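Participant: Listed below, chain by chain, are the residues.
Protein chains: 8
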Amino acid sequence: MEEDRLRALLEEVRLGTTPIDEAVGRLRDLPYEDLGFAKLDHHRSLRNGFPEVIYCQGKTLPQITAIAGRLRERSHKVLATRATPEVAAVVRSEWPDAVYHEAARIVVVPGAQSEPPPAPNCRGTVLVVTAGTADVPVAEEAAVTAREMGSPVETLYDVGVAGLHRLLDHKERLFSASVLIVVAGMEGALASVVGGLVRQPVIAVPTSVGYGASFQGLAALLTMLNSCASGVSVMNIDNGFGAGYFAHLVNRM
Amino acid sequence: MEEDRLRALLEEVRLGTTPIDEAVGRLRDLPYEDLGFAKLDHHRSLRNGFPEVIYCQGKTLPQITAIAGRLRERSHKVLATRATPEVAAVVRSEWPDAVYHEAARIVVVPGAQSEPPPAPNCRGTVLVVTAGTADVPVAEEAAVTAREMGSPVETLYDVGVAGLHRLLDHKERLFSASVLIVVAGMEGALASVVGGLVRQPVIAVPTSVGYGASFQGLAALLTMLNSCASGVSVMNIDNGFGAGYFAHLVNRM
Amino acid sequence: MEEDRLRALLEEVRLGTTPIDEAVGRLRDLPYEDLGFAKLDHHRSLRNGFPEVIYCQGKTLPQITAIAGRLRERSHKVLATRATPEVAAVVRSEWPDAVYHEAARIVVVPGAQSEPPPAPNCRGTVLVVTAGTADVPVAEEAAVTAREMGSPVETLYDVGVAGLHRLLDHKERLFSASVLIVVAGMEGALASVVGGLVRQPVIAVPTSVGYGASFQGLAALLTMLNSCASGVSVMNIDNGFGAGYFAHLVNRM
Amino acid sequence: MEEDRLRALLEEVRLGTTPIDEAVGRLRDLPYEDLGFAKLDHHRSLRNGFPEVIYCQGKTLPQITAIAGRLRERSHKVLATRATPEVAAVVRSEWPDAVYHEAARIVVVPGAQSEPPPAPNCRGTVLVVTAGTADVPVAEEAAVTAREMGSPVETLYDVGVAGLHRLLDHKERLFSASVLIVVAGMEGALASVVGGLVRQPVIAVPTSVGYGASFQGLAALLTMLNSCASGVSVMNIDNGFGAGYFAHLVNRM
Amino acid sequence: MEEDRLRALLEEVRLGTTPIDEAVGRLRDLPYEDLGFAKLDHHRSLRNGFPEVIYCQGKTLPQITAIAGRLRERSHKVLATRATPEVAAVVRSEWPDAVYHEAARIVVVPGAQSEPPPAPNCRGTVLVVTAGTADVPVAEEAAVTAREMGSPVETLYDVGVAGLHRLLDHKERLFSASVLIVVAGMEGALASVVGGLVRQPVIAVPTSVGYGASFQGLAALLTMLNSCASGVSVMNIDNGFGAGYFAHLVNRM
Amino acid sequence: MEEDRLRALLEEVRLGTTPIDEAVGRLRDLPYEDLGFAKLDHHRSLRNGFPEVIYCQGKTLPQITAIAGRLRERSHKVLATRATPEVAAVVRSEWPDAVYHEAARIVVVPGAQSEPPPAPNCRGTVLVVTAGTADVPVAEEAAVTAREMGSPVETLYDVGVAGLHRLLDHKERLFSASVLIVVAGMEGALASVVGGLVRQPVIAVPTSVGYGASFQGLAALLTMLNSCASGVSVMNIDNGFGAGYFAHLVNRM
Amino acid sequence: MEEDRLRALLEEVRLGTTPIDEAVGRLRDLPYEDLGFAKLDHHRSLRNGFPEVIYCQGKTLPQITAIAGRLRERSHKVLATRATPEVAAVVRSEWPDAVYHEAARIVVVPGAQSEPPPAPNCRGTVLVVTAGTADVPVAEEAAVTAREMGSPVETLYDVGVAGLHRLLDHKERLFSASVLIVVAGMEGALASVVGGLVRQPVIAVPTSVGYGASFQGLAALLTMLNSCASGVSVMNIDNGFGAGYFAHLVNRM
Amino acid sequence: MEEDRLRALLEEVRLGTTPIDEAVGRLRDLPYEDLGFAKLDHHRSLRNGFPEVIYCQGKTLPQITAIAGRLRERSHKVLATRATPEVAAVVRSEWPDAVYHEAARIVVVPGAQSEPPPAPNCRGTVLVVTAGTADVPVAEEAAVTAREMGSPVETLYDVGVAGLHRLLDHKERLFSASVLIVVAGMEGALASVVGGLVRQPVIAVPTSVGYGASFQGLAALLTMLNSCASGVSVMNIDNGFGAGYFAHLVNRM
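Residue numbers (my numbering), protein chains in the order written: chain D, 171 to 423; chain F, 171 to 423; chain P, 171 to 423; chain H, 171 to 423; chain L, 171 to 423; chain R, 171 to 423; chain A, 171 to 423; chain V, 171 to 423.
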């Protein structure tokens, strides 16, 4: 609880305009709401400035629409991640203005207010880079997330280290971005190579793409954690949403 | 190679002021230097704007001083990380103006030029937070690194989640930092808690502090990778240097 | 074999009222029953005071109903855990008074005797806490188990550390419980935070909820085993039944 | 913060006997103390009713004595765990009334107040059982911890399952305890066997005793987590302190 | 190649009754047969005295019947393990005297010769013990294998350590067997308990029965490898066939 | 970029026959092509002398045919690996001269030019050896790959170490090959045995064939990496393509 | 407790020659002895026919000599395994007739009785085979153990699969043994090769010999568990004692 | 055994010039020698054309010199790998012409014959590349091994991917080698980058250089096994000897 609001409340108590019982309640009354199975954190958009995100995997359709509905009532923009086409169809039948980013598996339900929020002040562009074609879904999850939070986003796909000239040909794009997200499966070496080229922060996302001793992304994860290039930090396997979110935190002013 | 220098060189070729043989050589001649066992990357300070870093572990004393000597000749500031007291003593006998940050295990040899470089333009302060006392060496490595690169740094130690009020009492410091580094061993839960409180980027560093099923930092590493809080990215176990470096990349404008 | 019964039997041997052959047999004749594929342990309800539990996973429908039938004949209450809706339907067609707790995946077949057993003497309430919505099935398994064994149970769901105020708002409930079960997947940090707040025993249950480097609950398991808070013990991944059982053992007087 | 104290403070604010600035300070002023490298949590003895514990491993001798000194000034009893003989010698030279439990590697510095605290009201006895001789140090750590917190403690050592009669011969002791701690390395099967015999809560502690594929306690840890007996919960490898602490939480009324 | 046959062949060469070319060929001509995808090892029944075994998993129906057909032509008895009901149906439509042991997932095609082989000379009985009902398929695979090879086999199922009296009640059977196979999943403690009771060789078979941190049998495997009881050796997870085979090797005279 | 072409280009710049802007472009213009989701690397056939390979797993049918189409336009021979029958059917409906190697799961679309490329100059024959029948698909992937690249290939299947004479009978074939590929699952011991027999390079490919503690090929992988025989190098689990490719690199002159 | 002794005791109770109190005591009084830190299991030599074994690792010198002393008083032969030269020196200063098998790290203290026990009736010879020189200590531990228990033992060292002829040259010795122990580190392939050659039981012992991805014996352990040869069972890493013990159980009649 | 010698021997048997007993012996008598603890494989130099290699780790000084002595008597060149300076000093005191390659930890004892063996016919040069300075010892082990076997060897050290221009500047050297060995620790990405650049076989050697989640080389090992570049095969962690040996096998004609 912020100090200013605390002082104001105590002042009211001192003046007698707020009874003690009410003060006790307000000291405790943070703005969230209980749906029984999920506690909605309306306060988060105050604290973090961003919409509530529904991670759809492991939730039922009714749970997803119930959560989205309450958030929408409060005018929040909602991002539903890991949304299957079925989830998207149901959400869009409820809110026709919702948009489904199929490759990214994200449904965006725009906020209810008539005017868009002012664009955040950003350092520059977030560049999302992938090693292969199979890494694109995770990359798109990152790109859509960062874009919906307010960052300009560009993408550069299929530039893995097996054909280094494909990457080096785009050095200007790598150099001109303000933050880079590198998405790679298999051995994940692209993160180290990009990290060695640029002087901007690089967010590495291992993907579960691969076979055999890739162990569902473990190989790429270890590669990225041990990167010999400085300036590389790592997200969980396949966590495109986290990378896009973190990239926007770095990119906004 | 940047396009401008390429154009200039081709222009010289066209004008005949640069012979083709020389042009071939210059197209290839990037400014690094070969010591036999190590290729010094003087160019890195151009590319990245930062000094060369010597990772001392696994290098002999003569190797360390040889590398440091060549870098110093080129006026670079040198950070020698994972420096034991022996390494520090030898380096300081060579360059008396070198400073040993013992807790951080870093020796800093200042650059040879008489004037300090202009301070970089930073967003704000990097705050380094630890869960326990045993995490302090890694935290200090992060703090010294970020500070030497030009970021203002503050620290907040021993505020682990077993006594949550110790952390919550410092919410203002958490909220006012521009980037946070959370250093924790054992179960590493502090990163999730801090990540849930603030809206700034959080860089999580697992440490090898712990015993039993902590498996030399693996438990904390997995905890941080799976953080339920958005806005958390992860470094390798005990990689305080990487965290400080990454934090400064995020913090500078 | 308890000493009292042993003495009584030996006394009978001494008096000649029990022949030696019969004594040998009774010394060996513990009250269990052989169904061929499973040895029913009727004695367990004597030894432990609790009903027999059928772990349904990996058993066929005929096996489950055969075991339940024999137990029911002996008037035991039966808990069938990890029961799919199919299992529940079959059991309830056999014993219409059986109750299916769907979220908990438990079928309870009440004991045959007309009068309920006297309520056990309990310390207080078992509080089951989850980090997220997806952890609820495991939590419900714990809650139903403890409740069927005789403990008063309350639940507090979706109070993970990413929104710490959601948890702190319920400190009274945390403080007033006599035992707490904390159910969490992903990074499992909630157990450490709750363990640091309360002075009651905390039983931590990692769940397989998560993705990527959560490795089907391994990350949460390691987190909980390494908890920096004292007073936390750990169950197997997704073992809600075990947590409820253990919590009742702690709670009863 | 407890509601009673909050109400009292607000009442004072209303009455004007406490100025707002002071109220803000007191609302924030939880009783802990900052030694620079460690934040002492005097409040913990209020919250938890137990002394502060110093985990010595990874702390320097001056750090240990500094922390112990401040705690002692506040009259707290101090338990220093994982204390080497060197640590014990230094602590005892400072506080001659300190007692070193060598097998348990714990130094106890009694509280400064003249009168002992009233004995807690306990359910019964904590019984600490080991599979082998090499498990004794971890068992002693558990026993000393529970005893210092106020529980009556008994021990039963070297009754591993390779000679089952050694265990069965002590069934009365197993049955009469109120809580059991089972400490075992190698394959850790003793926890399952004890858990199948008794109806009291069993706290299982895997130890790093073993070789080859025991993997420093991992084998015993997995065994205990997968125990087929209900009523068994698990601590981290070698975590005798945690087991003793948890056992006392369960044992006190 | 045995020395006797070698001497005989050389004698023929010396006598000129066998030309050198033929001798070279016979020295090389071991009796196996090539089906293209599989080399049948008819010689194995000479070397080992046992029938060829077809491990069905990963082989197509035509491959299985082709291999079985050739073996049958040579009068060998065939054991097809891991045989699904489909495999069994096809094999039995080809050879109506084949027998399908459904629980064991083994089809036995008897050898073509009219007279049964003389029963091997055995030490005694192989006793197959399981901890639970879910371990029975692996146990049956072991029992059928040992029986088909010529050993008398008995079984004792569902006597896991959670109800120790169920096991102890059968001590005579345990003591009177000449070899014991202990099949257990979850924590696998039964192998240690049986190994501590008997003085016969115990062959432990971990099963993939369990959940959570049992990791598909890894927990039971580690338990058994680290058994504190001497006289226990271990087979691969779920390898009932191997256990039955090894038990017969030990049991025959 | 090769030095010769660089010199030629610079010469043109010097002569003024190539304007600087065009030179800048050509210095950058490597011959690859962007399909949006995949960057085709036509240059690779220049750099490596081999056709582009499409790894089908994780790509959609339209993606596969689009990539194949563009490559075919450039007259490249195309190998599509891990091709299901569905993929093969679609590819062959597009290019009727495509051949599907079903066991190897490879579709080969021949290059468009009328004349075959000159056969490469090879050392000798690549011999592909398997331990069992279930290893054949991976072996066939290796064999087809090496053959399509231009190496003579022979195969020797089902000669695992459980019947050593089956292998030893073919020593001449082992000795006369110029490179050997050993494909084995389960414990993978065949690679060590072959590596100890021959003096040619042995490429070991672990397969995911096995069960229990084979952990999807991990056991065989570790076996091969630790081979006590010199002259053995290892590919990823199930990576038949990589083995065939590497074998041809070794075999060509 | 054996049935005969039980009947005899009950008969005495019936006859009144044994009072009930004494009968209760004797029913419980199994012959073991408590040293405080270790419960000596004198009964084991009755149950198993073999001497008590002291596993020295992790025990202090006084503990070892105390245990050995009590066992010696009861005339038992004592095997102290994993005995360092220091342990051996102390034991031999106490009992000059003790013998130290240095390579095996075993001290044997002969039993006190004047006459040797009758030699057990054995099937034949135990043959201990190693892959390399570095495996010899584990092999010697196995050999000494089996020999001290009464089995004839032979050894065949350094016959690893990298030079297969070294092994094949000794086929007669392999064929003529009644039980084989195969000790191998690195990739452990020798167990499969020997298992494929012989028709006797093979006991495989992985050793921690190796480097890199041998992971302290894990590679060899997995190899042996997954052996494609039937008739192979596995001991824990470096567990030479267990192998020798198990081999004797198999070998004796 | 080669067919020619077999035919010759049989011919002698037929002619009666060789008695059958002697023939049996010679059929068995492969030329190796038994030192008790190690079987020297003189035949290997015939089979493989290379000297015997002594892996010193885990062997005593007397064992090493005994083995070397016998090999020297047979005129073999001896490579002793993983030789500490102590080993080197002892060997050189015995054979003053021995050479110690300290960085490579290899002692070479030249063969006793007066004339050098004819240089093998090689394809070209083996190029050994390292990512960092700390990888040099493993690289030197590879370089010395390949050179002693007869291959021309060049080295290119410290060209890791964090400074890609350092590598690209040497493309001609990469392109002109006939075989490449890439030695890298940490994340091991260099192997993929080199493998993507060249069309020669690349042998990747992970090193145990790194910290934290590099897990003693596991991260680099997985990276290399999963390389997205074709033409890369992998050796065990730190296995420089194996890489040099394999590279020479590939390089010789």
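The set of hints was computed from the structure by calculation and includes no laboratory data.
The model shown is predicted, which means the values in this text are computed figures rather than measured ones.
Certain hints may be false.
Covered stretches of chain A (in silico footprint by chain R; criterion: 3 or more residues with CB under 8 Å from a CB of chain R, positions within the stretch not fixed) [unchecked claim]:
no., segment
1, 327-335
2, 351-363
3, 375-387
4, 397-407
The C-beta atom is built at its ideal place from N, Cα and C for all residues, glycine as well.
Participant: None of the hints should be skipped; say for each whether it holds.
Facilitator: Hints and how they fare:
1. 327-335: holds (count 5)
2. 351-363: Contact hint for the segment 351-363 of chain A vs chain R: holds, 6 residues under 8 Å.
3. 375-387: Held - the segment 375-387 of chain A has 5 residues with a Cβ nearer than 8 Å to chain R, which meets the minimum of three.
4. 397-407: With 4 residues closer than 8 Å to chain R, the segment 397-407 of chain A meets the three-residue bar; holds.
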